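There are 4 protein chains.
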Amino acid sequence: MSNTLGEKIKVTIFGQSHSEAIGVVIEGLPAGFRPDMEKTEAFMARRAPGRNEYSTPRREEDRPQIISGLVDGATCGAPLCAVIRNSDTRSRDYEKLKNIPRPSHADFKAWMKFCGRNDIRGGGQFSGRLTAPLCFAGALCLQILEQMGITVGAQILEIAGMPDKPLDPARVSPEELAVIASKPFPVNDDAAGEKMRDEILRAKRDMDSVGGIIRCYAVGLLPGLGEPMFHGLENRLSAAVFGIPGVRGVSFGAGFAAARMRGSEHNDPFETVDGRVCTKTNNHGGILGGISSGMPIVMDVAVKPTASIGISQETVDLKTMENTTLTIEGRHDPCIVPRAVPCVESAVAITLLDMLI
Amino acid sequence: MSNTLGEKIKVTIFGQSHSEAIGVVIEGLPAGFRPDMEKTEAFMARRAPGRNEYSTPRREEDRPQIISGLVDGATCGAPLCAVIRNSDTRSRDYEKLKNIPRPSHADFKAWMKFCGRNDIRGGGQFSGRLTAPLCFAGALCLQILEQMGITVGAQILEIAGMPDKPLDPARVSPEELAVIASKPFPVNDDAAGEKMRDEILRAKRDMDSVGGIIRCYAVGLLPGLGEPMFHGLENRLSAAVFGIPGVRGVSFGAGFAAARMRGSEHNDPFETVDGRVCTKTNNHGGILGGISSGMPIVMDVAVKPTASIGISQETVDLKTMENTTLTIEGRHDPCIVPRAVPCVESAVAITLLDMLI
Amino acid sequence: MSNTLGEKIKVTIFGQSHSEAIGVVIEGLPAGFRPDMEKTEAFMARRAPGRNEYSTPRREEDRPQIISGLVDGATCGAPLCAVIRNSDTRSRDYEKLKNIPRPSHADFKAWMKFCGRNDIRGGGQFSGRLTAPLCFAGALCLQILEQMGITVGAQILEIAGMPDKPLDPARVSPEELAVIASKPFPVNDDAAGEKMRDEILRAKRDMDSVGGIIRCYAVGLLPGLGEPMFHGLENRLSAAVFGIPGVRGVSFGAGFAAARMRGSEHNDPFETVDGRVCTKTNNHGGILGGISSGMPIVMDVAVKPTASIGISQETVDLKTMENTTLTIEGRHDPCIVPRAVPCVESAVAITLLDMLI
Amino acid sequence: MSNTLGEKIKVTIFGQSHSEAIGVVIEGLPAGFRPDMEKTEAFMARRAPGRNEYSTPRREEDRPQIISGLVDGATCGAPLCAVIRNSDTRSRDYEKLKNIPRPSHADFKAWMKFCGRNDIRGGGQFSGRLTAPLCFAGALCLQILEQMGITVGAQILEIAGMPDKPLDPARVSPEELAVIASKPFPVNDDAAGEKMRDEILRAKRDMDSVGGIIRCYAVGLLPGLGEPMFHGLENRLSAAVFGIPGVRGVSFGAGFAAARMRGSEHNDPFETVDGRVCTKTNNHGGILGGISSGMPIVMDVAVKPTASIGISQETVDLKTMENTTLTIEGRHDPCIVPRAVPCVESAVAITLLDMLI
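Residue numbers (the working numbering), protein chains in the order written: chain A, 9 to 365; chain B, 9 to 365; chain C, 9 to 365; chain D, 9 to 365.
You may find that some hints are simply not true.
Pairs involving identical chains hold if they fit within one copy or between any two copies, as the list cannot separate such chains.
Derived SDA-like pairs (lysine to any residue); straight-line CA-CA distance at most 20 Å [claimed, not checked]:
1. Lys16 / Phe41
2. Lys16 / Asp362
3. Lys173 / Gly40
4. Lys212 / Phe193
5. Lys173 / Ile188
6. Lys327 / Val281
7. Lys327 / Gly169
8. Lys16 / Ile365
9. Lys104 / Met329
10. Lys104 / Val79
11. Lys104 / Asp80
12. Lys47 / Pro171
13. Lys203 / Lys288
14. Lys173 / Glu46
Hints were generated in silico from the structure; no laboratory data involved. Just so you know, these numbers come straight off a predicted model, no measurement behind them.
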């Protein structure tokens, strides 16, 4: 079940970085929904590579071709399949990596799991490229959620330790999220974004990489969504988001900071606002006991620095079992955080829609 | 599917804090396994309340009665069901909470989800008490893992900001984990543990509460366990651990700290040790791309301060929709972190065994 | 996942014929539902043994004790667990069967699967006794379906070749089904039932056994329930019903007879009746392409003759691998068909409710 | 989950009869497997239309294009996606059917389920055409099973009441199955096949259709495969086979005939053959209690007469709700049984491999 996300909205992703194509089958979309392809491609462009100086120069059309599931532009109840052709692949870059695993990549793990049969070219099925079909599915789910009055959006909370100004977790609005989503560099405070970009470029010059944190919000959910114990919102959202390459941590509301707070500080007092039960603060991040509270969902996602760096690294030749060194050439992002933003939004949108339908 | 964890080892937990009994059905245990009941009860005692000054005075036998699945003390391939009677319940404590949700508890969420039909007594199905059957199942899985050469164990990494000395994530041994597990207060450095206990008692005196972080290790896994994308180790482990009440964040290896590291610092160089491929450091926490690397698994779990505090709090009367205040009486832990340690070990053990079988 | 039926209404059955208890955990029942225990026990009594001359003399209370999931007699959203104590077990009857598999029982299969660790006493987890908790769960689901205007009921269509008069599959009414369900021997035509009973008693006198066919109807479903392809009504209903011991075949509508019909004879012409689209005949059994048509669901279930017979049979000693003979003593039904009727109704009711919720 | 079959070998089918393409994603194939494309296409040709006088004249290339999952012709652990372009579609044939449901087709059901948004062209996602990707997946699974010493093969047991000579269910061999599979009309006794073909052509001349029964065998399974109760071989196989359009009944071993046998006749005596425990007869069809016995699996599948017939039929106009008549033109098989044979083999092969891995 490795490549499938969701139960009713079921998203199955296929492909490898250098296979003929990658794509996605989406089951369970409500019949009669008309995907807005312009919006969809604009959303996918936020993830696409080669758009600016701090992302890999690999350029791709990333134009999804829908080959089933529509009649006259509207969903018909049958699974929707979209295919994205792979092009501009340089498989020869990877020849020499066959037996030389790159540190902190999945290479060695895949080699062990698949007995050396795994596709090493471009990271194979572990490539970040597989997030393109994820974003396609996410774009559709976001459009359906929007029709239901639910907005999902994320900001880059920090890169290389440079912090953005967080939105107010108790009062974040769809409008604020839309503004951030429209920016080429999705932060709240553009000056903070400038500092992040400087750090990324500095790492690039050093042939190194940097990581960061993404904060994702979901606004508009009614209280009562989710299940207790093992199939609640936290369980489902974290399981989805850990499917994005490079994610190393997930937290809700105050998250790890909650561990250093006292209960009197962390607890969120209730109050009524316009006849609805709200909390004054939102340390609980909109979820308690697996179930939505009606407050905005707030989730933090830690993204590691890109594993592919130009600096020489120590590794092992799996054929000879001798220590060796490796210098990765190819084309790589010094920071994947900006491109990971729509991926996180997609994983969240798919999961929420799956739980809502 | 809310109360079920796992696919092949399938653990279904039932009961409410004040129902006649709580319990668990475990499907998929290998036939011929003999649960060591002494070990099982000793493990469950680590979670049980009423053992010392910083946990709730509610005392329970917590003695699981196995009513199916065994023949002459060994599993027979049929589901094993264990029942734990509830006793020493004081339901009247909860009468007045019927319409007055406690801040940062699941009360309001459950009230919305179940249209006011939810069991409010002792938190109902959201009670930490439901972790008793989880620990019963965990104890059995830990015993089976041990027979397979795999050790799961956790330390309290910090409480109220007081840090323990972490074990070396790249070299942690089963012996070290056994030493910590044998302590009444499971830390590496007992002096650090003393400071944590002081903070807990200080919070108790203030009628307040504190949180903390648990670090869980799994040693002995071969490389290659797990699946790419949505059903990897991170996805499955995080989904399991978020089933424990009070957990607000989960991370692997360097976790959120990875977000501030450069790739050259975060990447783990490979080397051969005794003919096996290892990494010198373990910032990846034993998992990459959803698949085990053969290095120890290292997972951090953030636990919030106990929501039940003796200080007066602002809330809302759901019947009248008027703002009001609430002072929680009952009996509550000023810190649930120590009792959550075997719960985390259980969730991890069940999930690993499920993925191994 | 062997002992779990359903996805949203999830029924997990545990126990062995001679374990301390058997029981069931039901997840997903709507909150606020009040099980009618009198009705429930009356329904379960239809399955219970020892009621008349053609069923095993083993007598049991079969009184389910609900140990979780209710508050003041109503469901609260937490899993409902019911336990039925085993009593009147004679385990010594089974000592000698340990290595001597009974023909056409699961003994040999279980011995191979569980490496000889399986519980042989009374058939262990393969015992028909495990249908008692199935019927408990079925009784609850039938009550909820009834509140939704849906009636599930079955008739014995034939035993030992003696046919009952079938109800009109296109026009069967809830009232007709209620009349049959109220009979001690659930047939449409009591004279036919008399002949069936004669055949059962004749087989009993011969220390032999007979089988039969059960026809189950579901009335009141709207068109549109179900999914295409692999999770439609036929897939789900057949998978559920094959969980009942002794079932060897399942068909819908005209079933195997359809194989000998021409399309012009088998196709059901549409017509409007009171503004609803109906079919004049119901050879499709209320389901096409996995989806309900709004016509009554009609499903036939073939039940084999009881495997336990008093006549000497050829078998093999699994220890010595020598051919031997076996005469089964114990207490056994010469025909399980009458007791299987509420089991089929239960499997259907649970599955329909699961798909409706 | 409607379009997905299997849990570890997970087959997700997409497409509609007249969408741009149909196809399948197969997850879980063992890494290093080299699909034999010649064999695969030969197997798919057995299902393909337009090959002879008794099947629809619609001709298709049905040539699957593999777009992911292979490296140098071998599986790499990533999901394998195959796409089959649709061509030779005549959508205008279906214009007038938009609101006029064809009797005994899924049209009306789909119209109700998808609120009139369903794809009516060629039956949309309910079309028998969707069995082409099923057969592609089946062909691959059959090849892997063959490498494991397991053979799956089927014979046409009867058409229009004309019976074939059944193979000996207790002693059927892979060689016998291979002989039948190699025939253009897969029967045991070619004279019987001749009579069946005569009946098909007679029905065609009458603008009518006929049905039949397929018997599928699986040889080479060890005892012990399967799970008790709800996830046994019968549950899983029947659920899979009911996913094939037109299937109305499924039975194992003696099937519905068992209902008229006595226990002494139906029970299969054990004996040892070459040191293995076998049964002399095989009325149990290789499965008891959900678990394989090591004897050949024998499953019967009832297939209804083709719903599309040239004779005028009564139906209803869903827009006006008035009774009307319909004469189906288009191109249709007078009997789908021969083309359904590889579909049944595929559903069985996928399910067995899924349970074996």
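### Message
Flag every earlier hint the structure violates by its number, smallest first.
### Response
The structure breaks hints 3, 7, 12, 13, 14; every other hint is satisfied.
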